[in-house]
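Based on the hints, put chain H in the right spot on chain U.
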Amino acid sequence: MKRLLFIAALFVAAPVQGDSTLPPAPYANVQLENLAQEAKAEALMETLRCLQCQGQSIADSDAQIAGDLRNQVRLRIKAGEAPEAIRAWLIERYGDYVSYAPRVTGLTWPLFAAPLALIGLAFVLLRRRFTRSAP
Amino acid sequence: MSAQAPSRWALWLPLALFAVFAALVLFSLLRPADRAVKSAMVGRPLPQFALVAATQTQPGLARADLADGKVHLLNIFASWCVPCAVEAPQLQALRARGIDVVGVAIRDRPEDLRQFLARNGNPFSRIGADDLSAIQFALGSSGVPESFVIDGRGVIRYQHIGDIRADQVDMIAAKIAEAGL
Chain U
1 MKRLLFIAAL FVAAPVQGDS TLPPAPYANV QLENLAQEAK AEALMETLRC LQCQGQSIAD
61 SDAQIAGDLR NQVRLRIKAG EAPEAIRAWL IERYGDYVSY APRVTGLTWP LFAAPLALIG
121 LAFVLLRRRF TRSAP
Chain H
1001 MSAQAPSRWA LWLPLALFAV FAALVLFSLL RPADRAVKSA MVGRPLPQFA LVAATQTQPG
1061 LARADLADGK VHLLNIFASW CVPCAVEAPQ LQALRARGID VVGVAIRDRP EDLRQFLARN
1121 GNPFSRIGAD DLSAIQFALG SSGVPESFVI DGRGVIRYQH IGDIRADQVD MIAAKIAEAG
1181 L
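From first to last, the protein sequence lines stand for chains U and H. 5 is the number that my numbering gives to position 5 of the first sequence; each next residue is one higher, with no gaps. Take any residue in the second sequence, count from 1 to its spot, add 1000: that is its number in my numbering.
Derived from the structure by calculation, the hints contain no laboratory data. Any given hint could turn out to be false.
[To be verified] Interface residues of chain U toward chain H, partial, derived using beta-carbon atoms under 10 Å:
1. Gly18
2. Thr47
3. Gln72
Think of the CB as a built atom: it goes at the ideal place given N, C-alpha and C, for glycine as much as any other residue.
So that you can see chain U by itself, here it is in the shape it has in the complex:
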């Protein structure tokens, strides 16, 4: 009986609303009329991080804040702004974390330099090995 009551309670439980009831922004889920512009906007949106669901890009995320950012990206592209200018505007506000496109900075340069250094090292080692093994 008690168990039945608990199960019945599940059906009357109202979940706490944690989201706005306003409809999505005009361009959150609507493509731009100009296909070339839409392609630019999409390429950019796929490399911008959603601020709430941080493993996703704003192109992938269903969060409302991601929808609002898609709206803003599309409106700016529509107004003729360059994608990299929009990315720079966001980095200015949220730091590098908001962008998935890596930049060479004082902090990240080893990531770019290390492969080059390793290739160089491999080259030196192999050359020594081959020159020595040749009689």
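Positioned in the frame of chain U, the structure of chain H alone reads:
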């Protein structure tokens, strides 16, 4: 080419490397990660903006209202945001200390907002409506609630991410005093 026996320390090197990696993984697993995205706008002037009033009874909010020689606490909130209701008494407490609290309501309806303010109290002198989260992006804010301390010249001096807890009221008041109340 004669094979040379590796030296003693070289034998232990792979194990040592493994130990370093294991320690790194353990350290990162056990340390609670800070997932908050901080605004890079702290220390910089507020961007230009003008928001229409979010309620019928109070004025909207523009940049000019904040760069008026006094320190303001700009609170980003919404009636649909549960922690915002939890935060309300703390904003009231700050207001009681003579701090001007202004609000930016994110994606809200006037009727919902009216009910929210009736239920939780209204510490705000002005509330602007940001239906597209545009001002939120311009401020480098990534969620609700968030609070910004704005000094008299309209410069953002401090960002508080998440709701202000009861034990953080003094800290926020200190940040406001620091900004020159």
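Against the structure, the hints come out as follows:
Here the hint on U/Gly18 is kept, as its CB sits about 6 Å from the closest CB of chain H, short of 10 Å. A hinted interface residue such as U/Thr47 counts as satisfied when its beta carbon comes closer than 10 Å to some beta carbon of chain H; here the least separation is about 16 Å, so the hint is violated. Of the supplied interface hints, the one on U/Gln72 holds, with its beta-carbon coming within about 6 Å of a beta-carbon of chain H, less than 10 Å.
Hint 2 alone, counting from the list given before, is not met by this structure.
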